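Protein sequences appear in the order of chains F and X.
Okay, so the first sequence: first residue is 1 according to the working numbering, each after it adds one.
Okay, so the second sequence: first residue is 1 according to the working numbering, each after it adds one.
Treat each hint with caution, since some may be false.
[Stated by the list, open to error] Listed next, the in silico DSSO-like pairs over lysine-lysine satisfying Cα-Cα at most 30 Å (straight line):
(1) K115(F) x K485(X)
(2) K312(X) x K112(F)
(3) K193(X) x K112(F)
(4) K292(X) x K159(F)
(5) K159(F) x K186(X)
(6) K292(X) x K112(F)
(7) K312(X) x K100(X)
(8) K161(F) x K211(F)
(9) K171(F) x K186(X)
(10) K312(X) x K159(F)
(11) K159(F) x K193(X)
(12) K186(X) x K112(F)
(13) K193(X) x K20(F)
(14) K136(F) x K193(X)
(15) K193(X) x K171(F)
(16) K211(F) x K34(F)
(17) K34(F) x K193(X)
(18) K186(X) x K20(F)
(19) K20(F) x K100(X)
(20) K193(X) x K161(F)
(21) K186(X) x K136(F)
(22) K115(F) x K193(X)
(23) K186(X) x K161(F)
(24) K186(X) x K312(X)
(25) K479(X) x K186(X)
(26) K312(X) x K161(F)
(27) K211(F) x K193(X)
(28) K292(X) x K136(F)
(29) K561(X) x K485(X)
These aren't lab readings, by the way, just hints derived from the structure by calculation.
No experiment lies behind these values; they were computed from the predicted model shown.
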Amino acid sequence: MKSTLTQKTPSLNISHLQLKQQGTPLLSLNEEVKGGEVLTIMGPSGSGKSTLLNWLVGMLPSDFTATGELYLNGQDITNTASHLRHIGLLYQDPLLFPHLTVAGNIAFAMPKGDKQTRRDEISEALNQVGLAGMEKRCPQHLSGGQQARVALLRVLLSKPKAILLDEPFSKLDSQLRQETRQLVFEQIQRYSLPAVMVTHDQSDAIAAQGKVITLDTLSLNEVAS
Amino acid sequence: MIVANTLFTRVVRNSPYLLIALLVVPVLGGLLGVLLPAFGWFPALGAHEFGLFGFVQLFQTPGIERMVLLSFGTSLASTLLAFIITILILASYFNSPWLKRIQRLLGPILVIPHAAAAIAIGFLITPSGFLSRLVSPWLTGWDTPPDWLLPHDPYGLSIIFGLTLKELPFLLLIALGVLAQPEIGKTLRAQHKVASSLGYCPMTGFLKVILPSLYGYMRLPLLAVLAYSSASVEIPLILGPNTPPTLAVAIMQWFNDVDLSLRIKASSGAILQIVITLSLLGSWWLLELFVKQCSAAFLINGEREYGGMLIKRLTDMITIAMLTVIGLALVAMVLWSFAGFWSYPDILPQQLVSLHWTSALLQMQTPLFNTLVIAISTTLIAIALTLLVLEAEQQNTKTISAISGFIIYLPLLIPSIAFLFGIVWLFEQVNSQHAYVNVVFSHLLFVLPYVFLSLANSYRRLDPRFSSVAASLGVPPSKIFWQLKLPLLISPILIASALGLAISFSQYLPTLLSGAGRINTITTEAVTLANGASRRTSAVYALMQMLLPALFFILAWAVPKFFFRKRG
Numbered sequence: 001m002k003s004t005l006t007q008k009t010p011s012l013n014i015s016h017l018q019l020k021q022q023g024t025p026l027l028s029l030n031e032e033v034k035g036g037e038v039l040t041i042m043g044p045s046g047s048g049k050s051t052l053l054n055w056l057v058g059m060l061p062s063d064f065t066a067t068g069e070l071y072l073n074g075q076d077i078t079n080t081a082s083h084l085r086h087i088g089l090l091y092q093d094p095l096l097f098p099h100l101t102v103a104g105n106i107a108f109a110m111p112k113g114d115k116q117t118r119r120d121e122i123s124e125a126l127n128q129v130g131l132a133g134m135e136k137r138c139p140q141h142l143s144g145g146q147q148a149r150v151a152l153l154r155v156l157l158s159k160p161k162a163i164l165l166d167e168p169f170s171k172l173d174s175q176l177r178q179e180t181r182q183l184v185f186e187q188i189q190r191y192s193l194p195a196v197m198v199t200h201d202q203s204d205a206i207a208a209q210g211k212v213i214t215l216d217t218l219s220l221n222e223v224a225s
Numbered sequence: 001m002i003v004a005n006t007l008f009t010r011v012v013r014n015s016p017y018l019l020i021a022l023l024v025v026p027v028l029g030g031l032l033g034v035l036l037p038a039f040g041w042f043p044a045l046g047a048h049e050f051g052l053f054g055f056v057q058l059f060q061t062p063g064i065e066r067m068v069l070l071s072f073g074t075s076l077a078s079t080l081l082a083f084i085i086t087i088l089i090l091a092s093y094f095n096s097p098w099l100k101r102i103q104r105l106l107g108p109i110l111v112i113p114h115a116a117a118a119i120a121i122g123f124l125i126t127p128s129g130f131l132s133r134l135v136s137p138w139l140t141g142w143d144t145p146p147d148w149l150l151p152h153d154p155y156g157l158s159i160i161f162g163l164t165l166k167e168l169p170f171l172l173l174i175a176l177g178v179l180a181q182p183e184i185g186k187t188l189r190a191q192h193k194v195a196s197s198l199g200y201c202p203m204t205g206f207l208k209v210i211l212p213s214l215y216g217y218m219r220l221p222l223l224a225v226l227a228y229s230s231a232s233v234e235i236p237l238i239l240g241p242n243t244p245p246t247l248a249v250a251i252m253q254w255f256n257d258v259d260l261s262l263r264i265k266a267s268s269g270a271i272l273q274i275v276i277t278l279s280l281l282g283s284w285w286l287l288e289l290f291v292k293q294c295s296a297a298f299l300i301n302g303e304r305e306y307g308g309m310l311i312k313r314l315t316d317m318i319t320i321a322m323l324t325v326i327g328l329a330l331v332a333m334v335l336w337s338f339a340g341f342w343s344y345p346d347i348l349p350q351q352l353v354s355l356h357w358t359s360a361l362l363q364m365q366t367p368l369f370n371t372l373v374i375a376i377s378t379t380l381i382a383i384a385l386t387l388l389v390l391e392a393e394q395q396n397t398k399t400i401s402a403i404s405g406f407i408i409y410l411p412l413l414i415p416s417i418a419f420l421f422g423i424v425w426l427f428e429q430v431n432s433q434h435a436y437v438n439v440v441f442s443h444l445l446f447v448l449p450y451v452f453l454s455l456a457n458s459y460r461r462l463d464p465r466f467s468s469v470a471a472s473l474g475v476p477p478s479k480i481f482w483q484l485k486l487p488l489l490i491s492p493i494l495i496a497s498a499l500g501l502a503i504s505f506s507q508y509l510p511t512l513l514s515g516a517g518r519i520n521t522i523t524t525e526a527v528t529l530a531n532g533a534s535r536r537t538s539a540v541y542a543l544m545q546m547l548l549p550a551l552f553f554i555l556a557w558a559v560p561k562f563f564f565r566k567r568g
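Extracted from the complex, chain F is given alone in its bound form:
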C-alpha cells in the first residue's frame, strides 16, 4: 500500500534523497516545491543535475542507485512507473513528433475524450500563445520559438501534476528566451504546478524567482542562494 502525506496543496516533495553512481555518492537533497513554485538546480556538468531529473521521472540509468522518497501531492510515487507519475518534461529541444501536425502533437498529450471538445481546447490553447490557426502545420515548419510554445502546450494540456524543465530555454536567442521563459513561468503559476528546473544560466534562475540550489561535484553540498 502506498504511503501518503496529508496534504491538500499541490507539491513535490523530495525526501532524504541520496543518489549514488556505482556506489560513489553523487548528491543528496531534501526539498519541497509547492504548486506554482520553481526550484532551480544549477551546477557544473557531472554534478548530477540530469540524474536528479531522471530519478524524478523514474528513469534512473542502471549504474545509479537512489535512496529516499518522492511525494507528489502527498502521494508516495518513489516506485511508481514513469508513465504513471503525471510529471511533465520540457527539454531544451522541443522534441515535437514529426509524424504528427501541431494539433496532433497536442492531442497526443491530452487525455481521452470527445473529439470536438479536444479540438476546441487545442484551438483555444494555441490562440492563447499566439499560434492561432496553426493546427494543421507540420512542426518542422515552425520557428524555434513556435516549436517551444507547442512543446509547452503539449505538456500543459496533458494535465500534469508537476513539471520538470531540463534547460528549456538554452537553445533560444535572447529575445525569444525572455518571452518563452515568461510564458512558461506564467503557465506554471496559472496551473499551480510544482516545477523543478535544471539550468546553466543565472538569468533563468533569477527569472524563476524561486529557490536556487547549486550542486557541487566535489563537496556534495547543496548551496542555496
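With chain F's structure known, arrange chain X on it following the hints.
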C-alpha cells in the same frame, strides 16, 4: 579538391564508371536476354519471330495459378510476420538490456546461408524430426513418425516459417542499427521519454512515437526482403511443395531442363516473376497507405495503454519460441552430422560417429576449393572497386549520385531469377567459356552491393583532416590511400571482406547457372543433398556452410585485435 594527374588518380576517377558498367550491363543485358526469348525470339531453337506463345505455354502449365499464389502468398506472409515480430520485440524490450541480448543471439543467424537455414529447419519439422522426437512418445504416444506433410506442405507454411526465421534477424538488426545512430537514436529515445512523461506506457509510446519515424528507415530493407523472398529459390526448393512448387523454383527447373524448348516458357515465367515482385511491392505500398489512413486517429486518440502487459507476455513467448526453434534446429543438425543409428522416437542417436564428417570432408575437397577460390576472387574485386569508388568520392568531394547509389543496389531489388538466365545467354554471346570467370562475375553482382553498404559509412566518416595534413606534408594521393587510409580502415575492410565472402559462399542460383553445372560449391552440393537420401551428409554440408562464414567473421574480428593492438 585539386589532385595531381597520376595513374592512381586517373584509375580512381574512372572507377565509378567501371562499377556502374559492371552492374548495369549484366543486369540490363540479363533482362534483355530473358525478354527476347519470352517474346519468342530464340535463334538457337530456330525461333526468329516475336509472339506470345511463350506466355500461352506458360499459362497452360498445370498448377500455374497455384505457383503464382504460392510465390505471392509466402513472401507477403513471411515478410509481414517477420516485420510484426520485429516490431513486437522492439516495442517490448525497448530501453531494456534484453534487446542487446536478443541482438547478440540473433546476430550470427545473419551469416547462415538460406540453404543451410532451410536444411536446419527441415531437420526440425520433418515427421521424424527433432521437434516430434522431443514430444514423443511421452506426450503424443507416437512410436512411429506422424503422418504430416511437413516440410513440402502444399500451402507453403514451411516456406513461410523458414523465410520468417531467416528474415527476422535481418530486419531486427536493421532497426537496431538505426536506433544505434547517435543523432537519430538520441532523438527517438528522448521522444519516447516525452511520451512516457505524458503518461504513455512504454509499448504504446513505442508504437505511437518511435515506429512512425523508424519505419521510414526500415522501408527500403523491407522492400528488399519482400522482393528477395518473392523470387528466392533455396528455401522453397528445400522446404516448399513440389506439385507445384513456387514459380521461381519452377522457372529454375524449366531453364535447367534438357528440353531446350522449355527455355521460352521459362523466360516468359521470369517476366511473370518480375510482375509478381512488382505486384508485391505495389501491395505493400497500398498496405502502407491503408495503415497510415487507419492509424491517423489512433495516434492522437489519447489512449495510453492497449493491454501492454498481455502483448509483452505474448512477445516474450514468441521470442522464447523463436530462439528455442533456432537453437533446436542447430542442435538437430549437429546431432545428425554425428549420428550413427538413430531410431524414432529417440531424442538422441544410439551412437555418435565421425564417419560422415571424414567421408564428407574427403568428398568436399573440390567444392571447398571452388567455394574459397570464387569467394576470395569475388571479394577482392568487390573490395578493391568499392575502395576506389569511395576514394573517388573524396577526391571529388561529393558522394556518388542518387542514381548511381540506386544502381549499386539494383541486383538486390530485381529478382535474380529474372536476369541470371539472361546473363548466361550473354556469356554465350561473348563466347565466355571460362566457368570460373563467369561464376565470379555473377557472384560480384550480389557481393558488390553488400560490400559497398558495409564499407561506405566508415570510409565517408574518416576524418578528412588526416588527408589534408598528409597532403600538406607533400604526400601524394596514392600514398595517402595506401599508407594512411587503408591502415586506418583495416577493421571495417576486414568486416566487409568477411561479409563479401559470406555472401559469395551462400550463392546457389548464380553458381549453378553461370557455372553451367560444372562448378560445384559447398552450397550447390548442400542444396542437392538436402532433398536426397542422406540426412547425415546433408547436415555436414549445411554445417560447413555455416562454419565457413563464421570462421571468416571471427578472423575479421580477431586479426585487428591481434596485429593492431595498442602499443605501450
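Does K312(X) sit within 30 Å of K186(X), going by the straight-line distance between their CA atoms? Status holds; Cα separation ~24 Å.
Does the structure keep K20(F) and K100(X) at a Cα separation of 30 Å or less? holds, 25 Å
Given the hinted pair K193(X) and K20(F), is their alpha-carbon gap at most 30 Å? Cα-Cα ~22 Å, so holds.
Given the hint that K211(F) pairs with K34(F), test it: the Cα-Cα distance must not exceed 30 Å. holds, 11 Å
Are the Cα positions of K115(F) and K485(X) separated by 30 Å at most? violated, 59 Å
Need the status of pair K312(X), K100(X): alpha-carbon distance at most 30 Å? Judged against 30 Å, a Cα distance of about 17 Å means the pair holds.
Is the straight-line distance between the alpha-carbon of K193(X) and that of K171(F) 30 Å or less? Status holds; Cα separation ~19 Å.
Just to be careful, I want the Cα atoms of K312(X) and K161(F) compared with a cutoff of 30 Å; is the pair within it? Measuring from Cα to Cα gives roughly 28 Å; hence the hint holds.
Within 30 Å, alpha carbon to alpha carbon, are K193(X) and K112(F)? Satisfied, since the Cα-Cα distance of roughly 20 Å is no more than 30 Å.
Starting from K312(X), check that the Cα of K112(F) is at most 30 Å away, please. holds, 23 Å
Between K161(F) and K211(F), is the straight-line Cα distance small enough, at 30 Å or below? With a Cα-Cα distance of about 19 Å, the restraint between K161(F) and K211(F) holds, given a limit of 30 Å.
For K159(F) and K186(X), compute the direct alpha-carbon distance and say whether it is at most 30 Å. Holds - the C-alpha atoms of K186(X) and K159(F) are around 26 Å apart, at most 30 Å.
Of the numbered hints given earlier, the model fails hints 1, 25; all others are met.
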